[in-house]
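*Asks:* Position chain B against the provided structure of chain A, taking the given hints into account.
2 protein chains.
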Amino acid sequence: MRTRAVVSIDIGGTKTLSAVVDPAGRVLSRHRIETPQTGPGAVVAALARSVAAVAASAGLRSEDLLGMGVGAPGPLDPATGVVFEPPNLVGWRDVPLSALLQEATGIRTFVENDANAAALGEAWVGAGAGVRDLIYITVSTGIGGGLVLNGGLYHGVSGTAGEIGHMTVEPDGPVCTCGRRGHLEAVASGQAIARMAADAVRAGRPTRLSALGPPEGLSAEAVARAAAEGDQLAGEIFARAGAYIGIAVASLVNVLNPAMVIFGGGVSKAGDLLFDPVRRVVRERAFERPAAAVRIVPAALGDDAGVIGAAAVVYRRGGELL
Amino acid sequence: MRTRAVVSIDIGGTKTLSAVVDPAGRVLSRHRIETPQTGPGAVVAALARSVAAVAASAGLRSEDLLGMGVGAPGPLDPATGVVFEPPNLVGWRDVPLSALLQEATGIRTFVENDANAAALGEAWVGAGAGVRDLIYITVSTGIGGGLVLNGGLYHGVSGTAGEIGHMTVEPDGPVCTCGRRGHLEAVASGQAIARMAADAVRAGRPTRLSALGPPEGLSAEAVARAAAEGDQLAGEIFARAGAYIGIAVASLVNVLNPAMVIFGGGVSKAGDLLFDPVRRVVRERAFERPAAAVRIVPAALGDDAGVIGAAAVVYRRGGELL
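Sequences listed follow chains A and B, in order. Our numbering puts the first residue of the first sequence at 2, with every later residue one more than the last. Our numbering puts the first residue of the second sequence at 2, with every later residue one more than the last.
Just chain A, with the same shape it has in the complex (with noise of 0.2 Å):
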């Protein structure tokens, strides 16, 4: 049984997708819910129903899968299964989610943090297949990541590494979501963008994003969209978050020397209005060799990134330990 394939979940703060992944990462079948906001029991009871809808519409019960692969919002810990407290589930503190799932379902599962599932999705079959050193970044609200070091996951010794929206790139810049001023996150999030725009727009800066309704209400992708459309403003908000991106790129490629590094997340679909200014400034302030060495890629696997690593992380962990 070789060939056995595994289900795999990726928990989002509104949206949590199931799938049923195969040996070469395809994916055999989806099923997608809305993420219960009642709490850790309320999640499990519909993951669990999620999972038997998802195994049926591929045809398999829970007995012909290898394992469960779950990415979910960190901090957690790999090795336990523990997520203990993400700002984006309501009620959550130190849940022992593989061990609550595992007992619903019947089925043995491992819980991997989603950014660093994503990360090894897009190293299996992704952008990144068949690199051995690289570092995935998610913009989106917030900026996470992972990475993938020497073929694996790194983890570090408590299990979080990989926080690159809080690299700090601007040591007296804004206060960021975390409380800790002039990291990443806080310069070039999409929740960042769209405050610079907001702030732009109140000053009465002359933009078309002012005829889109209220300030408040602007988001990073309208952003985006104005950019694209050659508005100025919106342009020049955009180069500077992708230069604060291409800061903290070039301090990891400098320190890291990876072979690539993969943007996915919302924010980084807006392509080379972020990706110019972050080639720009990794060549600017990273060493000639390992400038050379890296490519700075879009994701391949689009929403499927984190469920296609999920299943990875199965294959990779149970392999050694079913």
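It should be emphasised that the hints constitute simulated quantities derived from the structure, not laboratory data. Using N, Cα and C, we set each Cβ at its ideal position, and we do this for glycine too. Be a bit skeptical, because a hint or two may be false.
Selected chain A positions facing chain B (Cβ under 7 Å, derived; list incomplete) [said to hold, decoys possible]:
hint, residue
1, Ala162
2, Glu164
3, Ile165
4, Thr169
5, Pro172
6, Ile248
7, Ser252
8, Val256
9, Asn258
*Replies:* Same frame as chain A, now just chain B:
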């Protein structure tokens, strides 16, 4: 013959240390020479004599040795043993050091970046003995580093990983020795500390440093001594340098979640003058969980770190290859 010793060399810009090291990481003999300044040929010839001398003083012949490990200034390729263009070795360019030394001595040779060698030495039998994930940072004239991740040296895709001195910590800061702006080395190295002191003396700020001769002759060591004796300006300069190091370390703690950060190099001998601001800024800027998991400590092997680490390279790489 499982317990054969190795010979190892730590090539510095001015001095070079050779040693015989046993499989427990003990130094059996040492031999120190001035590094010839007349190009790689003279260095290789001098090293061959030094190796013969240090082996003889341990009572060993070449054929008794398992191999030779060399820590050399980078950038270099540890896989091929080619040293590219080290800024502090005059006349070196694309030197096949490993091949040249092997030919001159008949001993199988492995070359490693000097900061990586020191990192591995500290991880083997020094401050980080038994630690799987650690960052070694050397603060002397410049700032270098090495990463031990998952128990082994991490090189990156082109062998240049670990350039911690060239992380950006102040985007609009002073120009670094490498020509780029705002790198850690530009604001916290021994050279930067001496420059800040000289600038302050020239600006007429009250300090006992102004009594030590012309400001351009001030050393980081003199600044550390004055700070230890209570000189306020000297103390401020060290606090500033330490805070910048803390910014870089906090980013590394969030990204790599190491169990330990080890400081070596001359400037780190200033002790708490440097460590206090580093630890304070890490607490301020890093997440609680990884900040609580990391110990920030001085190196333990002193000037032997390089030769002990270069010996470890032979035991590790040679164990597979010989």
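*Asks:* Against this structure, judge whether each hint is valid.
*Replies:* Tested hints:
1. The restraint placing Ala162(A) at the interface with chain B holds, with a minimum CB-CB distance near 4 Å, inside the 7 Å limit.
2. Here the hint on Glu164(A) is kept, as its CB sits about 4 Å from the closest CB of chain B, short of 7 Å.
3. Checking Ile165(A) against chain B by beta carbon gives a least distance of about 6 Å; that is within 7 Å, so the hint holds.
4. With its C-beta approaching chain B no nearer than about 5 Å, Thr169(A) sits inside the 7 Å limit, and its interface hint holds.
5. Against a cut-off of 7 Å between C-beta atoms, the interface hint on Pro172(A) holds, since the closest Cβ of chain B lies about 6 Å away.
6. Against a cut-off of 7 Å between C-beta atoms, the interface hint on Ile248(A) holds, since the closest Cβ of chain B lies about 5 Å away.
7. Because the closest C-beta pair between Ser252(A) and chain B is about 4 Å apart, less than 7 Å, the hint holds.
8. Proximity of Val256(A) to chain B holds as hinted, the smallest CB-CB distance being about 6 Å (cut-off 7 Å).
9. Interface hint at Asn258(A): satisfied, since its Cβ lies 2 Å from the closest Cβ of chain B, which is below the 7 Å cut-off.
Checked against the numbered hints listed earlier, the structure breaks none of them; every hint is satisfied.
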